[in-house]
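Given the sequences, and given the hints that come with them, work out the whole structure.
For the record, the sequence lines run as chains C, Z, Y and B. Quick note: the first sequence uses full-length UniProt numbering, first residue 1, plus one each step. Quick note: the second sequence uses full-length UniProt numbering, first residue 1, plus one each step. Quick note: the third sequence uses full-length UniProt numbering, first residue 1, plus one each step. Quick note: the fourth sequence uses full-length UniProt numbering, first residue 1, plus one each step.
Everything labelled a hint here was simulated from the structure, so no lab data went into it. Fair warning: there could be bad hints in the mix.
Copies of the same chain look alike in the list, so a pair counts if it fits in one copy or across any two.
Stated by the list, open to error - Derived BS3-like pairs (lysine-lysine); straight-line CA-CA distance at most 27 Å:
{"hint": "1", "residue 1": "LYS17", "residue 2": "LYS28"}
{"hint": "2", "residue 1": "LYS399", "residue 2": "LYS271"}
{"hint": "3", "residue 1": "LYS93", "residue 2": "LYS224"}
{"hint": "4", "residue 1": "LYS410", "residue 2": "LYS362"}
{"hint": "5", "residue 1": "LYS26", "residue 2": "LYS208"}
{"hint": "6", "residue 1": "LYS143", "residue 2": "LYS224"}
{"hint": "7", "residue 1": "LYS271", "residue 2": "LYS410"}
{"hint": "8", "residue 1": "LYS75", "residue 2": "LYS17"}
{"hint": "9", "residue 1": "LYS224", "residue 2": "LYS26"}
There are 4 protein chains.
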Amino acid sequence: MNRDIYQEPLVSRYTSKAMQQLFSEKKKFTTWRKCWIALAESQYEYGLTDIITAEMLHEMRANCENIDYDIAAAKEREIRHDVMAHVYEYGLKCPKASGIIHLGATSQFVVCNTDLIIQREAFALIRSALLQVIKNLADFAYKYRQLPTLGYTHYQPAQPVTIGKRMTLYIQDLIMDLDYIEMFLSQLKARGAKGTVGTQATFLELFKGDHEKVRLMDQRVAEKLGFSDTFAVTSQTYTRKLDMKMAETLAGIGASAHKFAVDLRLLSNLKVLEEPFEKNQTGSSAMAYKRNPMRAERMTGLARKLMGLAPNFGVTFSNQWFERTLDDSAIRRMDIPQCFLLTDAILKLYMNITSDMVVFPKQASRHILAELPFMATEKILMEAVSRGMSRQDIHEIVKEHSIAAGRTVKEQGRDNDLMQRLADDDRVPFSIDELEDIIADQSGFIGRAPEQTEEYLREAVYPLLDRYEGQFGTQDSIITV
Amino acid sequence: MNRDIYQEPLVSRYTSKAMQQLFSEKKKFTTWRKCWIALAESQYEYGLTDIITAEMLHEMRANCENIDYDIAAAKEREIRHDVMAHVYEYGLKCPKASGIIHLGATSQFVVCNTDLIIQREAFALIRSALLQVIKNLADFAYKYRQLPTLGYTHYQPAQPVTIGKRMTLYIQDLIMDLDYIEMFLSQLKARGAKGTVGTQATFLELFKGDHEKVRLMDQRVAEKLGFSDTFAVTSQTYTRKLDMKMAETLAGIGASAHKFAVDLRLLSNLKVLEEPFEKNQTGSSAMAYKRNPMRAERMTGLARKLMGLAPNFGVTFSNQWFERTLDDSAIRRMDIPQCFLLTDAILKLYMNITSDMVVFPKQASRHILAELPFMATEKILMEAVSRGMSRQDIHEIVKEHSIAAGRTVKEQGRDNDLMQRLADDDRVPFSIDELEDIIADQSGFIGRAPEQTEEYLREAVYPLLDRYEGQFGTQDSIITV
Amino acid sequence: MNRDIYQEPLVSRYTSKAMQQLFSEKKKFTTWRKCWIALAESQYEYGLTDIITAEMLHEMRANCENIDYDIAAAKEREIRHDVMAHVYEYGLKCPKASGIIHLGATSQFVVCNTDLIIQREAFALIRSALLQVIKNLADFAYKYRQLPTLGYTHYQPAQPVTIGKRMTLYIQDLIMDLDYIEMFLSQLKARGAKGTVGTQATFLELFKGDHEKVRLMDQRVAEKLGFSDTFAVTSQTYTRKLDMKMAETLAGIGASAHKFAVDLRLLSNLKVLEEPFEKNQTGSSAMAYKRNPMRAERMTGLARKLMGLAPNFGVTFSNQWFERTLDDSAIRRMDIPQCFLLTDAILKLYMNITSDMVVFPKQASRHILAELPFMATEKILMEAVSRGMSRQDIHEIVKEHSIAAGRTVKEQGRDNDLMQRLADDDRVPFSIDELEDIIADQSGFIGRAPEQTEEYLREAVYPLLDRYEGQFGTQDSIITV
Amino acid sequence: MNRDIYQEPLVSRYTSKAMQQLFSEKKKFTTWRKCWIALAESQYEYGLTDIITAEMLHEMRANCENIDYDIAAAKEREIRHDVMAHVYEYGLKCPKASGIIHLGATSQFVVCNTDLIIQREAFALIRSALLQVIKNLADFAYKYRQLPTLGYTHYQPAQPVTIGKRMTLYIQDLIMDLDYIEMFLSQLKARGAKGTVGTQATFLELFKGDHEKVRLMDQRVAEKLGFSDTFAVTSQTYTRKLDMKMAETLAGIGASAHKFAVDLRLLSNLKVLEEPFEKNQTGSSAMAYKRNPMRAERMTGLARKLMGLAPNFGVTFSNQWFERTLDDSAIRRMDIPQCFLLTDAILKLYMNITSDMVVFPKQASRHILAELPFMATEKILMEAVSRGMSRQDIHEIVKEHSIAAGRTVKEQGRDNDLMQRLADDDRVPFSIDELEDIIADQSGFIGRAPEQTEEYLREAVYPLLDRYEGQFGTQDSIITV
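What follows is the structure in structure tokens.
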């Protein structure tokens, strides 16, 4: 690591090796060669055998990974054109084929198709990590499906939910992300061999005006590069609209993770749920005892950045002029890798956290007990209505007393005396015993939370995980905080 | 119109009545009543016949649209709660049912379900307009599939395309938008009857612990409201993640329209393509002759705003704490209508423009002629390679002469003399006659553009429009500039 | 209020009448007339007395507010040009002057100058409200400058601060906002009389080539409109860069308010600090006892929207082509009022909340007591170092025990036993009595918080408020939640 | 360069060495040491001579740059705390001082102060480059202050301006950026020595309750670090609001550059103005003749990214909870360097382009000539009004004919015949000779453009450059495209 100049923290600190490699020069330039091979083979197969020979193809395939980067870089400095520099270097390795490499193609033939291939592979990594997080959350949700914990609206105590039920909400969000990944992959097609402005003019010339052959060759190139289809029409590039959808799909994951992370940070304050804490980890230089939710805080920040990248792609797409302007180049060169690297970093954290979260049931219970009299008011309302009171009337009475009880707690630091207040009020048709009975039955406050959790896991989540069997589970989620 | 205070321009200037109505108080409050009716009916059907009677249901249905807004507003000012105010007002109209309206429900039961219903209907309007734009563009593309026009990369002349082929790129973008609308609609489900924090605790109580009945009732409410399914799990609200996808889907349309509008504004400068210009329209106070592309400029600005709204929803979703915080309320109240109204305004413009665009073939041709010698260089390169020259060598020679010819044009205002320069160069294996021949055959420069256009329209666009037969075509696209 | 179509909630719900009026048609069109009067007067003063007469000027001044909006609107529908429509209508009222209204001007003469005048007035309203909030916070900070409350980092207990000291942080942020308002106002100048593309060509003609007179007239118009200066150079409009700074300045206020609001929402959960709660306000339909921080939640949402608007202006500015494109029109028409209205709404809430916040000292104390043993560790570290231990060693020991004590609390729900654990450890050079002494002296934990608060208020805040004496204090901060 | 993993393109491609170094680990860690030295010296000066000795201070100063990064990194891996790891490593180098390094401080003492120091230095680099751009533009503007070129509104021909006058608009924008840089620098203060939550509790203890000494020491530390002042109040960190302003200030430069770059790209299409083109630069693989405005396109993309970063800082600031949450860490670690590096890259390009722009006067003239009859209409309107026609009447007549003439050009590709059409119309009080006279006098169409340019340069720009004499002019603006 060079300490004299800026180093990108995404690489030096947060991301997995696999994702870093996908966006390396090596990956890019070898994929360019795969594109050139696919093109030459397809041209050969559809009849350009007077120009292209089997020997040339063999030579090209043999040298796919045989790149002398220094020669290419030197050539690029000279002619200021990266694609032509690599055509040149490939030609040095393939003297026989040197005249037919990139035949009829424009730079974006290799650049666009390579972008698409890398994104396809990057999404496979992302999906794999996402599934692992879903799996972790599902197992955790199942384990704690019955453990009551205080539910909050306005971050004020509402009714209890269960630890597990709350987890299903995060899972549902992630499954929506997964659905959009699949949607994106269904939209992702090869850019194929379309020529300078998308008209395939040069290829039509090469194939002496045979439209059908040009069309088939285009499709063949796509297949050789692992795509089932090509974009029907392109300009010089595939539509930059696709980038916008890519970024939104990843930002969706960021947003889901952010929502989870913020909740976790609040739960950490409440001492109900904590992220794993590594041995030897120092809370802070001065406050050793603290269990700072640093992973969740980092997730929050990384997700914020990821979400902040998405709009860029819309601006770029919507400001492309005609067949293409190059204001997309520098920003895509930074933002596409950043989107994937950030998502990778976030999911690494999400996997790590969900693999070993710590629950404190006594604390969960403590919070409920302090609010139970308040929370029982809905039950009391219902019960009173069933005894014939108007909902409006009992609502008013209960409101009045609960505000008073709330004040007692806040202003005098005393215990919650709501039940006694209600029992003492003649308008309320319950004795103190009846009221205490209502509170005593704690399981009645969590409604269908355990059942909802079980149903959702059984009917939606585990079947989905089964469908992706074998496509996840091996990611590296070791992180440093 | 009240001229003493601010008036929202989206309503006063840009949008269709149909969309304005969807986001009216009337639509909202009558839909709330439909939700209450669906709830009461479902509760009745699954057995709460001791509390709810057929007569009550009849009364509720009869008064669905019978709202005294002033009473509700007065009550809201008093109790500061809009849902309870409308429960009260509905109760005045339905004295028998007054005790069972909203039974077991929380405010978000009506608020969320109504939001979802309105969004479903709003997307139907949007889709209809979008299809009409696609239709307009497809017909226009077919008509001009063979008319050559200069293609640009870097906004510098590249190779020619055709007017029609370029239109297919806009269509392809819009079809991607359409695909994402369908995707969104497949994700949109009822929020159903889930209770205060999503546990259905109150409903479980009402149904005396019968889980199956609560589940069925939830599903039944959804069906009555026109949904095939409900979200399996919710917090107090349906996941705000869905909002994010809604906004991205609409922003996608904005971005597609923006790209089109910017191109049109450039074409207007080039005098190749113009938007319709109304009789009596004044270009500007001082420059009467101008044909300002004001619709396209307005589209650009509206689309920019629409795209700028999307990130808000991600921030809201990702900062929701636990079962819900109310920092979503004011912003959703503004941004959801704005998203749909902006999209409506943009599509109105897009329909209007594409229904009557003006092409100037002589200008299109003039631009090509000025650049034809340059554009022939690719052909010359190909031809020279086929005569045995190395691509690199001929590339260098042609480059040298074309730069010189370019200078002649720019610096001396003279005609393009590239062909003569090449003919005079001994290294170039072509006579001036051969070179002129290359230029003369203009149809050879547009490659497969006409065929691509036809194929795409025939194989993708018209079949799609057929599938949506009857779901579009009647929108109002009269606009004022 | 029309309930059949969408109504902008900013107006119907959140903002002050004064701000709504600033962005009304009435304000706009009467200000246009003021611009026309200023122009005609200045032209007259610098010598166009052959064309313009004192009688005409008198007529124009007399009819400044005499606008028949329906006639203007009808004319606009006919000629599709709002400025010319109002020139026409003004001409009807001023038959003598009708030929010289708008003489030599382009539409943007009235549009830009009016925009700038309205923004200047809007900023005065904003500044006034901002100062009131600072005042409220300052008084509150002074009152509670000594009341300890738990400080948090990572939202984990850190060391105590005081209620008042924390308030100074919000004040400091708002003063930075105020500084940027003043900075903006120093950048805001008249657009003046610059002509169609900024060259003043028509005016130069009117003044028969007298450059000096054109320049002086331009300056004179500015002065008549209340500006000390004009932009030295403009295109058709004043630079859209200024809009960007306007929006950022307001977004800054939004961000400051958002930070405060989020803290308040957390404090509300902690029961330490609450926003005012109105009589008759209903917490929620089902949970009457709740003291939901709804104002703070609304501030959060409004601020999010405000912050989300700022980027639009940068995109508009940076995409203006040459002397002006009209993609700025629709978006500015919406976003400029929205920025000011949102800020107005936020400051109304901020004034309201800070005028009557409720502190619960017993709760503040309770939170500190639970963490006091932990918080004393820094003191213990310092003390041990002063007794000769290495900071590293004692850090490790304290860390070990505080983690164990933390676990006791979380896992067993028992009291914090850290002091006893330390006393029992031979490596620690303190007896239990010494340790308890350290805790007992609570005032030692808040450091200089009271003094910092006093110093800051005395040296920075109150002097600043004095400088603005008379410019604030009368705003309407009555709000509805 | 490691080609196996992702490399940040900002560093490998676009930025200056000086800026890269500012954000290096070396710069960061040596500045941390400077902070520790300043702290120890100040503590010593204000009386902690029983703990701190002159010898210790000498040792610390001597080892300021003597860092063994590998030891620090290994320690960090062990204890997971970068600041404590460097305290440890510094202690190894300074055995005598090891116990007093970082005495009473929290991590943010070094982190925040270092951030602020680096930003101050980075802004100096930015300002220097910005001034050079202003200088280049000013010289260019002066040179071409009289050269007419077509002005555009709606990107439709309006009236002519001059090349130089248009440049003054870009200068004005950049001077506004400069003003905001100075504003920012006036807001930037030291974070100073404030302690864990900003209360200076530990320092108060060290100074045995002497408030004045703590205050003076805080100020002294600031001075030693080159600041004239410290923030009066801080939480654990200086307010994150400052970051927001930093990012907006830089984004402003991005926006100004973007506006310029887009205009330049359009001018490049019009062949009126071109960026420099390097020898050996290859336009594209297939189109050698093209003079692609690649620098301006790159500026556009980089500026888009820069502008897209600014909102992140507002989100971070406004979501900081209480005295600090660590969701700011990862995103600031990436976004602060990115903001400065992007601005650096943009200004490098801007300097490069403006140092050698190519004007084509013949092309500028050609565009004016084609539109001159149209552009004369304003003159004709004015002249006709002065001959007694009503502005409305002549406006209508001219409009009618100019629309017809416009059609002739567009539809028939013929020359502009507007003058003849007007002469042939009896209602128009001018002969063809009079009309041709109006056109012939070309200098009359540019109004005060040359004078405005001169005045602005003389009165505003050059005096400003004089004030900054010696603070700019040496930047490296060599770039690779």
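Hint-by-hint comparison with the structure:
1. Taking the closest pair of Cα atoms, LYS17 and LYS28 come within 27 Å of each other both inside a single copy (16 Å) and across two copies (26 Å).
2. Taking the shortest Cα distances, LYS399 and LYS271 sit within 27 Å of each other only across copies (18 Å), while inside one copy they are farther apart (29 Å).
3. With identical chains, the CA atoms of LYS93 and LYS224 are at most 27 Å apart within one copy only, with a shortest distance of 22 Å there and 60 Å across copies.
4. When the C-alpha separation of LYS410 and LYS362 is checked against a cutoff of 27 Å, the pair qualifies both within a copy, at 23 Å, and between copies, at 7 Å.
5. In this assembly of identical chains, LYS26 and LYS208 lie within 27 Å of each other by CA distance neither inside one copy nor across copies; the values are 36 Å within and 61 Å between.
6. Neither within a single protomer nor between protomers do LYS143 and LYS224 lie at most 27 Å apart by alpha-carbon distance, with minima of 46 Å and 35 Å respectively.
7. In the homo-oligomer, the alpha carbons of LYS271 and LYS410 lie at most 27 Å apart both inside one protomer (21 Å) and across protomers (6 Å), since each shortest distance falls under that limit.
8. For a Cα distance limit of 27 Å, the shortest separation of LYS75 from LYS17 across copies, 23 Å, qualifies, whereas the shortest one inside one copy, 29 Å, does not.
9. Taking the shortest alpha-carbon separations for LYS224 and LYS26, only the intra-copy value of 20 Å comes in at or below 27 Å, while the best inter-copy value is 48 Å.
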